[in-house]
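**Q** The sequence shown begins at 1 in full-length UniProt numbering and counts up one residue at a time.
Because the hints were derived from the structure by calculation, they are not lab data.
All values reported here derive from a predicted model rather than from experimental measurement.
Keep in mind that a hint or two might mislead.
[What the hints assert, rightly or not] Straight line, CA to CA, 25 Å or less: simulated DMTMM-like cross-link-like pairs of lysine to aspartate or glutamate: (1) K49 - E19; (2) K128 - E74; (3) K18 - D39.
[What the hints assert, rightly or not] Ranges of calculated distance between the beta carbons of each label pair, as one might list FRET restraints: (4) I153 - D39: 51 to 61 Å; (5) S55 - N86: 20 to 30 Å; (6) S90 - V34: 41 to 51 Å; (7) S158 - Q29: 35 to 45 Å; (8) T159 - H15: 51 to 61 Å; (9) K111 - T149: 38 to 48 Å.
By construction, the Cβ of each residue, glycine as well, lies at the ideal position given by its N, Cα and C atoms.
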Amino acid sequence: MYSIEQHVFLVLEYHRLKESPTATRRSFQARFNVPKGPDAKTIRTLFAKFQRTGSVTDDLVGNVGRQQTAVTPENVATVSGIIQQNPMSSVRRIASETGLKRSSTQKILRKSLHMFPFNWSLSKPLIKHWYTTVIEKSLLYGASVWTVTVKQIKQLHSTQIFFLIKVTQCYRTSSTNFLNVLTWSPPLHITAQDLQEKFQIRHLRKSKYDVIDNINNLDYFRSVMSIPTRKKL
């Protein structure tokens, strides 16, 4: 602990010596005849406190006006813009992009934008049902006429793994193939190719599928053993 006199000396010397912590510490050691002076962080913190409050004793002394807050119209608009561009953004990512503290970001989301984090603590079967009936259908909308490329396969993998991790509560380092097997969920690009095949059979009437006797049975389970060999795809 340092006295008020020593605090004042440190602030004045730090300013006089052009904000050099090393020179300030040496001058402090010579002035008060001590073997070890304050470190650079202590000196900078004390000088910053003096600039902010006009005092070297208490942060509250010398404050004028209201306390500064991060909840400003500009910050609220910035956070709102990030949410509109990517509704799945986490608080940590928003805070990193805006340079705000996580506590300030949470305050803006809750009090200014009236947004609250989504609660994933639901039963796993319910999350999987929601994924298969809503998310997967949305991701594969129009897949029957897609031309699946390598880039699309990678994008589908990265999207699917996010939801499969939520369903299984596995580590983020788990592979997509492992999660596909664990949840009995085929890769999305395979499902997209399946939709393409059905579209070609039902609507385009491709000749290579003429061996199929009844196209209405495509969406129903049928024992492979009951299908003649010449009619198997």
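**Q** Each hint should be assessed against the structure and marked as holding or not.
**A** The hints, checked one at a time:
1. K49 - E19: Cα-Cα ~14 Å, so holds.
2. K128 - E74: Violated: K128 and E74 sit about 39 Å apart, past 25 Å.
3. K18 - D39: Roughly 16 Å separates the two Cα atoms, so the pair holds.
4. I153 - D39: 51 to 61 Å: The hinted range 51 to 61 Å holds for I153 and D39, with Cβ atoms some 55 Å apart.
5. S55 - N86: 20 to 30 Å: Hint violated: Cβ distance 44 Å, outside 20 to 30 Å.
6. S90 - V34: 41 to 51 Å: Because 48 Å falls inside the window, the suggested range holds.
7. S158 - Q29: 35 to 45 Å: Distance hint for S158, Q29 is violated at roughly 58 Å.
8. T159 - H15: 51 to 61 Å: 56 Å, holds
9. K111 - T149: 38 to 48 Å: 45 Å, holds
Going down the numbered hints, you'll see the structure goes against 2, 5, 7, while the others check out.
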